[in-house]
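Q: For chain D, the structure is supplied; the task is to place chain W on it using the hints.
Which chain is which? The protein sequence lines are D and W, in order. Plus 301 on top of the position in the first sequence (first one is 1) and you've got the numbering used here. Plus 301 on top of the position in the second sequence (first one is 1) and you've got the numbering used here.
Don't read these hints as lab results, they were simulated from the structure.
The list treats identical chains as one, so a pair stands whether inside a single copy or across any two.
With a straight-line Cα cutoff of 27 Å, these simulated DSS-like cross-link-like pairs (lysine-lysine) come out: (1) Lys461 with Lys341; (2) Lys449 with Lys423; (3) Lys449 with Lys341; (4) Lys423 with Lys318; (5) Lys341 with Lys452; (6) Lys305 with Lys461; (7) Lys722 with Lys612.
2 protein chains.
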Amino acid sequence: MFAKEVYMRRRAALLGKMREAGQSGLVLFVGNADAPAQYKDNCYKWRQDSSWLYFMGLDEPLMAAILDIDSGAETLFADDVEIDDIIWMGPQPSVRSKADAVGIAHTAPYAALGQAVSLAQKSGRSIHFLPPSRYFNTLKLMELLGVKDVKSNVSESLTKAVISLRLIKEDIEIEALDRACDLGFEMHSIGRDAIVPGIVEQEIVGKMEGMALAKGWGVSFPTILTQHGETLHNHGHAAIVEAGKLMVIDAGVESNEHYASDFTRTYPTSGKFTQKQREIYQIVYECNELAFQLAKPGITYREVHLATARKMLECLSGLGLVKGNLDEMVAAGIAGLFQPHGLGHNMGLDVHDMEDLGENLVGYDPDQTRARQLGLRSLRMARRLQPGHVITDEPGIYFIPALIEKFKREGLGHDFVNYAKLEAYYDFGGIRLEDDVLITEGGARRLGSRRLPISPDDVEAVMK
Amino acid sequence: MFAKEVYMRRRAALLGKMREAGQSGLVLFVGNADAPAQYKDNCYKWRQDSSWLYFMGLDEPLMAAILDIDSGAETLFADDVEIDDIIWMGPQPSVRSKADAVGIAHTAPYAALGQAVSLAQKSGRSIHFLPPSRYFNTLKLMELLGVKDVKSNVSESLTKAVISLRLIKEDIEIEALDRACDLGFEMHSIGRDAIVPGIVEQEIVGKMEGMALAKGWGVSFPTILTQHGETLHNHGHAAIVEAGKLMVIDAGVESNEHYASDFTRTYPTSGKFTQKQREIYQIVYECNELAFQLAKPGITYREVHLATARKMLECLSGLGLVKGNLDEMVAAGIAGLFQPHGLGHNMGLDVHDMEDLGENLVGYDPDQTRARQLGLRSLRMARRLQPGHVITDEPGIYFIPALIEKFKREGLGHDFVNYAKLEAYYDFGGIRLEDDVLITEGGARRLGSRRLPISPDDVEAVMK
Chain D
302 MFAKEVYMRR RAALLGKMRE AGQSGLVLFV GNADAPAQYK DNCYKWRQDS SWLYFMGLDE
362 PLMAAILDID SGAETLFADD VEIDDIIWMG PQPSVRSKAD AVGIAHTAPY AALGQAVSLA
422 QKSGRSIHFL PPSRYFNTLK LMELLGVKDV KSNVSESLTK AVISLRLIKE DIEIEALDRA
482 CDLGFEMHSI GRDAIVPGIV EQEIVGKMEG MALAKGWGVS FPTILTQHGE TLHNHGHAAI
542 VEAGKLMVID AGVESNEHYA SDFTRTYPTS GKFTQKQREI YQIVYECNEL AFQLAKPGIT
602 YREVHLATAR KMLECLSGLG LVKGNLDEMV AAGIAGLFQP HGLGHNMGLD VHDMEDLGEN
662 LVGYDPDQTR ARQLGLRSLR MARRLQPGHV ITDEPGIYFI PALIEKFKRE GLGHDFVNYA
722 KLEAYYDFGG IRLEDDVLIT EGGARRLGSR RLPISPDDVE AVMK
Chain W
302 MFAKEVYMRR RAALLGKMRE AGQSGLVLFV GNADAPAQYK DNCYKWRQDS SWLYFMGLDE
362 PLMAAILDID SGAETLFADD VEIDDIIWMG PQPSVRSKAD AVGIAHTAPY AALGQAVSLA
422 QKSGRSIHFL PPSRYFNTLK LMELLGVKDV KSNVSESLTK AVISLRLIKE DIEIEALDRA
482 CDLGFEMHSI GRDAIVPGIV EQEIVGKMEG MALAKGWGVS FPTILTQHGE TLHNHGHAAI
542 VEAGKLMVID AGVESNEHYA SDFTRTYPTS GKFTQKQREI YQIVYECNEL AFQLAKPGIT
602 YREVHLATAR KMLECLSGLG LVKGNLDEMV AAGIAGLFQP HGLGHNMGLD VHDMEDLGEN
662 LVGYDPDQTR ARQLGLRSLR MARRLQPGHV ITDEPGIYFI PALIEKFKRE GLGHDFVNYA
722 KLEAYYDFGG IRLEDDVLIT EGGARRLGSR RLPISPDDVE AVMK
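Pulled out of the complex, with its shape left as it was, chain D reads as follows (with noise of 0.2 Å):
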């Protein structure tokens, strides 16, 4: 937790930006409750909601709050603790002096809320709320709220003033990025060390896992550790690892501190690529270090994008894959078949930051619209950036048999692409490579004090 100064700045921000936006009324925050894995008493690992962590800080379940956006007046919602709770959980501090550490001023018992709520409809005062991230959420809000459709009931002015403030990190913020991301580094390495042919998926994943929990909260993000690469978001470990193979892990710590990390590296599961591996790697590798050499003040993320959709299309028309002319490749959306996803995302308390509040509030500016084209539509940042923004670079090349298939089956693309060539890479799997980086003043910098190898010849001389 920062000092409690941290908090009351951030507030007073976030009620500064309301008034003026010309919104009146109460904000409403409802902190996160334990979620069951199995019943009501065996759970998760606990998480706060990230919005609160941004601006109460304090990291327990069943907490509420009520900023006035008019009058200023600050109230927190708990429950101080009984004997019961004492004997399970034992001693703990008060919730007046959990209120005093984040500079709250008043406080009240949990129960006391829906009483504030009703009292302030009653009165014809707005309610603000963010969109809930959690099924507790939703089911809190419709409880407090006496409504069925949360959704359509929530806030936008609030929304945007929450995005504005978290969407530029603070020196400590951006501190505490760099902290995880060392974690992430760390947990990258233990996995790539543990890669030998014969063992199960599972095994290197726990190794990792573990590590996560040793140092950190956990990990930011289910495990991705897999050899089909061309399935994005593979969560199944049973696989043994065979020779020959890419394997790509995307992995990242939570820090104590709730800062994500997020990186994806992609091995040779024998410590050397072939050289079909290396040509694709050789590309993707390109693709990131232009990303990052783009990646400044005043560009948009999607320009960057498109930068190194073509960049991408240009390598592979060197292999014979594609052909024909760069920009209308780019125009007809030929990358997205070979990477149908964005090239980054913003990061933070979350791993893909703020997305409870809406990917295009958070990752498009107002005068942006989002693209209907595989692989761009997926962007999840595309705004010009700013000193403070925290974002990915990952880019990425898939050999997806049923996504190329469908290209043919329905005539896509069929000018551009060699679709016999490409039948040799059915097997070839996926590789991605991503690096967490900071826009600052002059440039952007890569976060984490040591980057994970990532040119080819640095893989195979870390894999000996």
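A: Okay, now just chain W, sitting in the frame of chain D:
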């Protein structure tokens, strides 16, 4: 997953029990959805609903089933994958082949569930469903049934029928539990071997949970690892291991087959017990042994709980911490001051098996009522033991200053408790020792092929 005949037999038995109980209409099972940790696409590790696993076996999100009590017709509601899903999740077997794998005759899209339910409602048929175990399932049932209050519409007859089946473990389940316990043995051994003054508790937890993820599905519940054993469910792990303390480790692995293990051991952080620690340890150890000796078909686990409470008080009396007539002390609930929890619980697919279905329905025979006394009131399994019951044997002694002070303040137990002498134990912590036990025809058997060292001598020997 087991052979399809297993699931067909279980569902037939369930419908048979419903008919025997004079019930008609439909049984509705709603499988789990992924549980968002931060937002819809960043979820906790997938875990299916346990009752769904028991009857339907299919280990995937967003499935439902309707079983017709009257006709015996069975329908699986789930969706086949689209091309977008293939890009993200890879090619998947069809819903039809999944239904075949567990012997379900009919399939329908997931979205058809709503219509199936409302058609049944319109024709006045009963819809039986279990208490929802997660917020998602509550929301889904609210939507499907058009009710605000799901809880009061739960089917007690279905709940009882499910409990009666799941409570008595089949041979294939016992084999799975033995395997889970072998993983639990390994996880505990890693934890024990990592105890060394100076290390942060979190590092030990990470090593243990990493192994659970490497060889099993993960932990069967959040690991308890604490030098404050007097706090029963301590989930914070920021403390540094100190010399001369007692470390309680209460942890288990969920196997890839989704069966739980649950062991507790208490270790001297310096490798040797102090005299005072050994005295209390010996008492808990003898209570654990006594419970195992007594556990056999015919006796109630409530009786076993009370017998160990008596034993505990007898030994504490030998140390001069309590005094007076043993029967009177047991009746007055004095044991609850030292062990404010029950002797054990059922275990199976859940570590507290079926706790979502209601503790009293699961753990108490119809002729048993739950006590109000501290300790005994927390007994989760009180039933008359039968072959096939799988239970935990977990006595403990804790010195909880807040609880002792409360007793003293309220004038409780002053005829029996030597409060003056207890003060010397305020910084003692707590000790708990737990095994997993199968009730057999002739008595009982501890699950797993090896037992974690438990006698004080064996513990000291293994910590050398």
